[in-house]
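Go by the hints and put chain B onto chain A.
What follows is each chain in one-letter form.
Number of protein chains: 2
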Amino acid sequence: MAQLAFIGKDSVDRVRAAGGDADARLALLADICRLNALVAVKRAGSGHLGSSFSALDVVVHLLCSELNVAELGFDHPDRDVFFSSKGHDVPGLYAALYGLGVLSADRLARLRRLGGLDGHPDVGVPGIEANSGSLGMGISKGRGIAWAKRRAARGGVVVVMTGDGELQEGQNWEALQAAAHERLGRLWIVVDCNELQSDKPTDEILALGDLETKLRAFGWEVAACDGHDHAALRAVFARFREGGDTPKALVAETIKGRGVSFMEHPAALAVDGGTYRWHAGAPDDDAFERAREELVTRIEAAFESLGLAPPEYEPLPALEDTRSLEGEPESGAGTRLRSGVTDEYVVGAYGEELVALAERHESLVVLDADLASDCRVRAFELAYPERFLECGIAEQDMVSTAAGLARHGFLPVVNSFASFLASRANEQIYNQASEGTKVVYALHYAGLIPAGPGKSHQSVRDVSLLGALPGITIVQPANADETGALLRWAVEEADGNVAIRLAIGPSPRRIELPGHGLEWGRAALLREGSDAILFAYGPVLLHEALLASERLAEDGFGLAVANMPWLNVVDAEWLAEIVEPHRHVLVLEDHAPVGALGDTLRRALRAHEVTVFGVEGWPACGTPLEALRHHGLDGASLADRIASLARVRVP
Amino acid sequence: MAQLAFIGKDSVDRVRAAGGDADARLALLADICRLNALVAVKRAGSGHLGSSFSALDVVVHLLCSELNVAELGFDHPDRDVFFSSKGHDVPGLYAALYGLGVLSADRLARLRRLGGLDGHPDVGVPGIEANSGSLGMGISKGRGIAWAKRRAARGGVVVVMTGDGELQEGQNWEALQAAAHERLGRLWIVVDCNELQSDKPTDEILALGDLETKLRAFGWEVAACDGHDHAALRAVFARFREGGDTPKALVAETIKGRGVSFMEHPAALAVDGGTYRWHAGAPDDDAFERAREELVTRIEAAFESLGLAPPEYEPLPALEDTRSLEGEPESGAGTRLRSGVTDEYVVGAYGEELVALAERHESLVVLDADLASDCRVRAFELAYPERFLECGIAEQDMVSTAAGLARHGFLPVVNSFASFLASRANEQIYNQASEGTKVVYALHYAGLIPAGPGKSHQSVRDVSLLGALPGITIVQPANADETGALLRWAVEEADGNVAIRLAIGPSPRRIELPGHGLEWGRAALLREGSDAILFAYGPVLLHEALLASERLAEDGFGLAVANMPWLNVVDAEWLAEIVEPHRHVLVLEDHAPVGALGDTLRRALRAHEVTVFGVEGWPACGTPLEALRHHGLDGASLADRIASLARVRVP
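Residue numbers (numbering that gives the first Met the number 0), protein chains in the order written: chain A, 0 to 650; chain B, 0 to 650.
Just chain A, with the same shape it has in the complex (with noise of 0.2 Å):
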């Protein structure tokens, strides 16, 4: 394991108070912030460094030079405002927060995790200002927030960095016409104009073509200019200051992993085959080395030209170690659970069925919002690129396009986050299947776990979201078997659509199911046990449940445990049989105890008691397990929960 050490503060400080070149001292300044966000995501084991990297001289150039915030303080109503819409890049935000004196080092240390630091910004975090993750909101909340300054008479700009991949969101576009409309002049952009997405450069995934023209075109000032160049971005914000009620927006351009060679689009793009490696999750404890060396060597050397003692170095307080650090999805959505199974990927075992099933069917083509490693449907549009349809970041767009698909004669099988696709896009699903087509969405990443990015990413509503659709099916396997049965029942034997839920990360164990297959409605019994029955489902919930069986056994205990994959219909027949036995009907969900399976089966049941357990409140962020204890849903919690129920309930 690597040795962890931040650049300390006052380091930091004594580089903000040096005379000399202003601008040379905000470039080590960023070059402080990135080696403390490379120690910060290396702590975390999953964050994005790519684009903290791209994004990180404009974020220290306003916070340190630019803006009053530093000065006023972030409850000021006066103060400048600057938040971050694309909220991936946060570990850089982070990096800066604590050279101000706004978060401890401790905090730092603690990105992802429990009472730490949210994997994407959250106002409950100091310096935060806005909620971001999901994409393409902030400029419509920095409109909000500059109308608030003129209505209520306050001093101070607001400044909102997006992404340029993120502006394919529509949602940007609604914002740009409104603040136009509106002359929001005290509303200024910066386009972290780095040129790659996920793992893919924005003019292969959906080109911007030339976005200067087209924020002119919406009514906007226009400047652009080298995003690393702190004279540049200085006389730009300058030019900005003195203009009056139009909004500004600064096309900055960057490169994607800045300041660790290896990581610096286009050279690190030209090493992975064209596809960009750095975008998330933590590097390996060589390329760490590797990567801090080049910062430290920079930046020790930029302490000496200034005439400055050598910066020291604060190492990291232990923490209790609750997650593995290797391996996690390409996106560092996800971090792999303590003890996963790595052969045992549902969602690996989805993107091999999606492969086999478009041999035998012509008509199914699969479209993705650039989120293809994640979703693992890259070996698909590998496979069958002709069939492949690339969306970019516009769920809303890749929705009704399948519809349009849909209605001439396709199966198109539509991939994103859970969180994302049925919620931003809900409303096209509801067009679509107005229309009587069918369409399979996977949602990726469905329920608590990964829990590092934090609620902008987990997803625990979408059952709810398109429960009450009419004809829609909704599911959610419990092993990689499992997956490619409903996959194929999804496309093969569906009338109408299917939601198919995946956990994202490996399985914490695999989950052995018995051999009678797929039965529409039923679950299958994973142990058997007497006192209380529990229905769970996907492969994260239904390990705690066999932990909590194995636990309450040891006190006597029966817990039978079932693997409902059905989370919307069910075989009512055969569950009144099933339950019958059972003195409790428990249900754990995946999901808020609201609108999901135990709904389904109170509805089907009738007048039999059913206890849920679900993700109250909203989801933590955390490691699995920080997370899991949170809501008390870890097999031991549960165990207690269940225990504690039966000696209530059952005198």
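Quick caveat, the hints were computed from the structure, so don't treat them as lab data.
Note that the Cβ used here is the ideal one computed from N, Cα and C, for glycine as well.
One should not assume that every hint holds.
[What the hints assert, rightly or not] With beta-carbon atoms standing in for the labels, derived distance ranges:
{"hint": "1", "chain 1": "A", "residue 1": "Leu524", "chain 2": "B", "residue 2": "Glu319", "range": "52 to 60 Å"}
{"hint": "2", "chain 1": "A", "residue 1": "Asp271", "chain 2": "B", "residue 2": "Asp209", "range": "39 to 47 Å"}
{"hint": "3", "chain 1": "A", "residue 1": "Asp74", "chain 2": "B", "residue 2": "Glu385", "range": "21 to 29 Å"}
{"hint": "4", "chain 1": "A", "residue 1": "Glu358", "chain 2": "B", "residue 2": "Thr212", "range": "40 to 48 Å"}
{"hint": "5", "chain 1": "B", "residue 1": "Gly114", "chain 2": "A", "residue 2": "Ser529", "range": "51 to 59 Å"}
[Stated by the list, open to error] Per the computed footprint, the stretches of chain B lying under chain A, defined by three or more beta-carbons under 8 Å from a beta-carbon of chain A, are:
{"hint": "6", "region": "177-184"}
{"hint": "7", "region": "384-390"}
{"hint": "8", "region": "429-435"}
Okay, now just chain B, sitting in the frame of chain A:
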């Protein structure tokens, strides 16, 4: 009542077969369609004339001259595909399809009636290529169809008509960039650029700026012409035919209300003090006669000048009268219930209470997405212009703007139709809520009725869409007083977000509530009864519930009826007490049977059987009575269902 007659298909055929000036004949055909659309809308009692009239020259030009679909038929794989994304111009399209023999006179006479023609396009109707009506999805769908044609090597172009105001919706810009990226040269859009939104000029609501420059910046080939000039249209489409693989956009400059002098923009605007009254809704008898007279005079003169015998008129068949023709909301969304109590609009009380609250609460701001008249926030706009944010047709931007406002000390009240707001802006609502701020969401036009506009507008999923959101309270008032009380509670007392569902039409009867006022989580008993208790909410279904109770009382069956305005929270202890004396606990949902009050009560009652009557499947289009009967939710059907339930379950 006006004498209603269409110009018959034979007359249309004579015009189409006549020699002479092709463009004059197209102009005449458009006028015939205007007349027939006018008659159909007059019969229906609602529908969108202004936009049908502005679009009709283009529609007729495409279907009767430019495209191959009239010749090949609507099932041919190589056909040109044409549809309207805005969809509310469908009366004009229906009239054109009638002229082509695709729809019968009988069906055209059944606009907005059950089994007739949906108020917005539905693929269940011959000649309709895509479901639309909720704005902004059409270009995406067209892109899917164009992609399908290319992939399957089929012939034909794909032409999508959009509104100009509709382009405020961000999804359009997602689709525009994607179509350009994919070089879909056979995708054309025609912007029916009539410069008016629902009742105000686009430039006032949210100016589009230089639309042609925008479209070019997004990579499209762009042309502009007078959208009523057939020679000009012909020339543009000929150029489009020659074009390569760049998608093509025509900005058709049109006049809203074209063809009837007093409905034409801008003159019509001047008459009504700056708002346009012919966007939707049927004209009264006098206006109908004047409009008909104008059109008939011009049509008959044109027949004569083409050397044709006068047109023949076909009287409309009689229909069972299940609706009143007078009075509907400005947007034409609603049709007044037959026995409507005009002074008992809950939405009217909402608008008044909002103004009253604004006086006491400086921080209260109102956001609108171009439905200010229907949502009854016009009075607020006039009283507090500086606290009114018109967001245009851009629900996502509106919600995230509200999030920014709420973070900076304002209390936003966000307005749109429930079907758009709870669904399209769902992820934005989640994001706002995750910041811990408070916003009041006014979900207008919630529920099954009015059923004339069809499933794009009927909202029977919104409770389930918001139910899993932490901390939100979802309510629906039964009458004007309760509307005021709930809005006051939302603004002054509620801790977190509140979603308030509002019926858009007048009440079918005044729902008399006992005087004890609002009690959190508790229902008010409207009628005693010892055999069963029925929980319902909102004026529409409470009326039916009371009807059922009255009818059952005649047979000696005591059906208690309770008004339960709290849809996702309940005082569980109180509930257990109130249901205790009853053999049957029943819930009547103005919603799908999934995800609303029934599920809430089941969760609270634990082991009590709860029977739910709700809107099963897709909400039916028709008059109120037709739709209620279709779903078995009118008082008579309900009484029967409850009686038979009691017979079966209680021996």
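Checked against the structure, which of the hints given earlier come out wrong?
none
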